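Take these sequences, add in the hints, and give me the full structure.
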Amino acid sequence: MTRIGSKKSLVYKLGIKDGFKIYLHNPPANYRQFLGRLPKTAEEFDRPIADMDFIQMFVTSKKDLIDQFPKMMAYLSPAGILWVCWPKESSNIKSDLNGMLVRNTGVSNGLTDVKVSSIDDVWSGLKFIRKNKEK
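Residues in the sequence shown are numbered from 12 upward in steps of one, following our numbering.
Any given hint might turn out to be false.
To be verified - Straight line, CA to CA, 30 Å or less: simulated DSS-like cross-link-like pairs of lysine-lysine: (1) K105 x K138; (2) K99 x K126; (3) K126 x K74; (4) K105 x K51.
If you're looking for bench data, these hints aren't it; they were derived computationally from the structure. Since the structure is predicted, the reported quantities are computational estimates derived from the model, not experimental observations.
Structural data, given as structure tokens:
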């Protein structure tokens, strides 16, 4: 994995804060090391639990996106952040996903997309939150 662009840490860029309960779903090899140091009181879980503050899911197919999105959303706290990451077209990873499909999936599940970002040279990400009335 290669960091690109911003000099800000990826933890900062993704919005991970002190006290957050964090779950990484299907991350690529070495992603945890690439992500870097979490805030001191943030806690990472090896499986999702109720009221997660931050979930980052990595998917490579429309089927996985459609299957996993509502499952991950069910674990999200009312003010939680859900990042969906998919391979860039320029990567060597076979995928039938694109940003519009990811966005439409989130919106159709009742979330609002608020930020798109390049995670690294392979992955793009879209940040979702619950609509204000649902928080």
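Do the hints match the structure? See the list:
For a cut-off of 30 Å, the pair hint linking K105 to K138 stands: about 22 Å separates their Cα positions. For the hint linking K99 to K126, the alpha-carbon distance of about 16 Å falls within 30 Å, and the restraint holds. For a cut-off of 30 Å, the pair hint linking K126 to K74 stands: about 23 Å separates their Cα positions. In summary, the hint linking K105 to K51 is not supported, as the alpha carbons are separated by about 36 Å, beyond the 30 Å threshold.
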